[in-house]
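K.L.:
Sequence:
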Amino acid sequence: MIEACCLDEDVAALSDGHSTLIGDRGVTLSGGQRQRVSLARAVYSDRDIYLLDKPLSSVDPEVALTVIRRVVLDLLKDKTVLVVTNQLQVTVLCKISSICIVIHCV
1 MIEACCLDED
11 VAALSDGHST
21 LIGDRGVTLS
31 GGQRQRVSLA
41 RAVYSDRDIY
51 LLDKPLSSVD
61 PEVALTVIRR
71 VVLDLLKDKT
81 VLVVTNQLQV
91 TVLCKISSIC
101 IVIHCV
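Going by my numbering, the first residue of the sequence shown is number 1, and it counts up by one from there.
Watch out, some of these pointers could steer you wrong.
Stated by the list, open to error - Computed list of lysine to any residue pairs in SDA-like fashion (alpha-carbon distance at most 20 Å, straight line):
hint, residue 1, residue 2
1, LYS54, LYS79
2, LYS54, GLY32
3, LYS54, LEU82
4, LYS54, LEU65
Think of the hints as simulated: they come from the structure by calculation, not from any bench.
All values derive from a computational prediction rather than experimental measurement.
Please take these sequences and the hints and turn them into a complete structure.
P.N.:
Quick look at the structure:
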């Protein structure tokens, strides 16, 4: 899971590896690291349906594509996954069964 979410280098850089305390009393993570940790936690939960709302908006495009390939297209291939994103490069990879475009006007 750590490798699939591109967290292997991040975990290796932490003082106590995957046992490092994160949060108020521990180290702080970047926005992209937090998103990838949240995604890993979600996949560990082993659910039938996943709602991923901009799961990689704070991650650079190359890492986002790698994570989508490894997580959504591989680990979650037999699950129902709804991905909400504004990164069009992500949609090219996915086997899309339906597309819903929502335009929000104020």
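K.L.:
Hinted pair, alpha-carbon criterion (20 Å max): LYS54, LEU65. Please report holds or violated.
P.N.:
Holds, because 13 Å separates the two Cα atoms, which is no more than 20 Å.
K.L.:
Just to be careful, I want the Cα atoms of LYS54 and LEU82 compared with a cutoff of 20 Å; is the pair within it?
P.N.:
10 Å, holds
K.L.:
Hey, LYS54 versus GLY32, does the alpha-carbon distance stay inside 20 Å?
P.N.:
The given pair, whose Cα atoms are some 11 Å apart, holds under the 20 Å limit.
K.L.:
Assess, step by step, whether the Cα of LYS54 is no farther than 20 Å from the Cα of LYS79, and give holds or violated.
P.N.:
Distance of about 18 Å is within 20 Å: holds.
Figure legend: structure checked against the earlier numbered hints; every hint is met.
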